[in-house]
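A.B. asks: Here is what each chain is made of, one letter per residue.
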Amino acid sequence: MTEIAKPETGFVYAPAPESAGIARLKPSYGIFVGGEFRPGRGEAVKTVNPANEEPLAEVAEANAADVEDAVAAARAAYDGGWSTLPGSARAKYLFRIARAIQERARELAVLESLDNGKPIRESRDVDVPTAAAHFFYYAGWADKLGYAGFGPDPRPIGVAGQVIPWNFPLLMAAWKIAPALAAGNTVVLKPAETTPLTALVLAEIIAECDLPPGVVNILPGGPAVGRAVVEHPGVDKIAFTGSTAVGKQIQRSVAASGKRVSLELGGKAANIVFDDAPLDQAVEGIVNGIFFNQGHVCCAGSRLLVQESIHDELVESLRDRLATLRLGDPLDKNTDIGAINSAAQLARIRELSDSGVAEGADRWSPECTLPERGFWFPPTVFTGVSQASRIAREEIFGPVLSVLTFRTPQEAVDKANNTPYGLSAGIWTEKGSRILWMANRLRAGVVWANTFNRFDPASPFGGYKESGFGREGGRHGLEAYLAH
Amino acid sequence: MPTKSSKSASADRVAVRKTYKLYIGGAFPRSESGRSYPVAGPSGELLAHAAQASRKDLRDAVVAARAAFAGWSGATAYNRGQILYRIAEMMEGRHAQFSAEVQAAEGGSEAAATAQVDAAIDRWVWYAGWTDKFAQVAGGSNPVAGPYFNFSLPEPAGVVGVIAPQQESLLGFVSVVAPVIATGNTVVVIASQERPLPAVSLAEALATSDLPGGVLNLLTGSVTELAPWLAGHRDVNCLDLTGVPPAGRVPLAEAAAENVKRVYSPPAFDAAADPGLSRLTAFTETKTVWHPMGV
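Protein chains in written order, with our numbering: chain A, 54 to 537; chain B, 80 to 374.
So that you can see chain A by itself, here it is in the shape it has in the complex (with noise of 0.2 Å):
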């Protein structure tokens, strides 16, 4: 919708696009192991642009062989150093690779968003600043481990087997990889099929920042790769951010054996908005909970929960809003909501985007022109949507919303806790009380109140019952790294 007139301001907004040529991409990537860069023996495969489904470059594979290779070389590397190597030694790398980060920030930027389909705005502002600052806040741990709560003489792990979904590829890797290099493990991580290009770069700058070789091991691949990660007897400690079903199956398939797990799933949050909350501050707050990164986000707030007195205005404001929203070219600064990340993807969304029409929701969108080519779909809204509605229930990990409506504090936090997932929750009142006697009382992980979608390497991330177990950020995030 970049050019499209908005007749209520007379505004038009001219193309502002970054350009792809910033990105610096290469026609072919591989893996990198044991500080080497080669190609992998699996398939080659293209990753594609999700905004126009042009190939942006060849991927070689891992395979299992590669597993092999890559597990070993972390264990050379344990054994070799990198477990007993001063905390103030290895503080100083991860320094360096914070300090990297942020030098090539606008080429990881747009690298980010050709491959993922996500807004620049949000790569740019979000995902790689946050990156970086990731990597700063756990340097500052290594040399003070003693310090964190975990035993006067807390220990690494071993090797860490990490897998990370295509939702944040660049960030979730340095969630990944930072606590576990701080505390003094070693890393083979699987980024995303879709999405394997920042993790590349990143494994550029770790090899530029003269980490010793076999330290970090990135292993682009698809989910057998993944398995056979996670499967490896050499490898001590998982780390898994993704479905919830692929969690369970990882969780199974290491069932007392040992091995240390720590899982980020799924989720389906409520963002619960009150009858005294500011509601335009609760439109912004509602908007950036389900249409940031297209609703490719864990934690979305996707069930919007609102108090009956207020329910057709908020709805009218919102709609309001939304019209606002341009969809398009991810490269394009002006752009609110980006590409699907992939056909599969796409595929998912209008599935439970229909069954939501099926089971007799009021479905809504914009007027919103789609590009002709690449994996779009429009912000949508769905209201009169009962509990047990499929819309309700499953993440649609998409840009959809259902509304819900609720009479009392104890019937929202009813709903709100009525799901088997319990990553996060958003309340929006201006009653403080109130604040902290349903913060108290959701089941999440996560509570914003009176914002939504906030993320800080201090603060601990991670979910309540079936979103996962074990916490990512801030001090509690290294437990996940330390043997005790």
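No lab work stands behind these hints: they were computed from the structure.
Since this is a predicted model, take the numbers as computed values, not measurements.
We treat Cβ as the ideally placed atom computed from N, Cα and C, and that holds for glycine.
Errors might be hidden in some of the hints.
Partial list, derived from the structure: chain A residues whose beta carbon lies under 7 Å from chain B [said to hold, decoys possible]:
1) Ala511
2) Ser512
3) Pro513
Take the given structure of chain A and dock chain B to it, following the hints.
C.D. replies: This is chain B only, laid out in the frame that chain A set:
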């Protein structure tokens, strides 16, 4: 049937023997299945017939534990501390009875049994003191880079299923249940299969300590029969496998993945060791709350 400790004041008086039952929702029912099983002392003498709990008893226990969760987790930490301390008081007054029951169950010297009861009572006191301090140690505020107040605190994970250690009939039991309820969880615990009687008597102390019914639910019977139902139950949030030998843990840990239970599976259990914080941490979740700062 009597235990060895069933002494009567006069030699010619016929003792009143105790029926060892389950403890579910604050009541002492027999197994709904009507089953019992003989419990023998170390030299094979019959001590009593204990209730042999069924899957239905276990499900009833989970329902009771879930029902008790809101009240217990919502109680003040100070109140929970007082109740845990009250349990220690109740045990102290029945010290001789517990010592006799432990010795009857495990054999060994009277001094060893007495020491185990001492340690079990002291463990309640230790955890009573933790209830209103753990959140300060495990939580705190987080200095985020923005105009927000942000804090994290530990919260109880919910209903915890526990298989108690098989050897130390009283200290083992206390060591695994006290940290679970100290932070506000409720518990369904399967007592030592061969040595369940001291734990059943402990339930009598719990019932007179203002511990709300359903906070601790005790089952006796076959671990092999009951543990899989506990591990697979969708309304149980965590599973403590301390009392299961390592070879038996894999299928239970697999079943636990069905609803992403937090599984605590320590390689070994040493009742005499410093308990540390790991059992408090294992059954709590970290909640982080954000709020903007501004005028």
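A.B. asks: Can we keep the Ala511 of chain A interface hint, with Cβ of chain B closer than 7 Å?
C.D. replies: Holds - the Cβ of Ala511 of chain A comes within 7 Å of chain B, reaching about 5 Å at its closest.
A.B. asks: Verify the interface restraint on Ser512 of chain A: the C-beta must sit less than 7 Å from at least one C-beta of chain B.
C.D. replies: Nearest chain B Cβ about 5 Å off; hint holds.
A.B. asks: Is the interface hint satisfied for Pro513 of chain A? The criterion is a beta-carbon contact with chain B at less than 7 Å.
C.D. replies: Where the cut-off is 7 Å and the nearest Cβ of chain B is about 5 Å from Pro513 of chain A, the hint holds.
Checked against the numbered hints given earlier, the structure satisfies every one of them.
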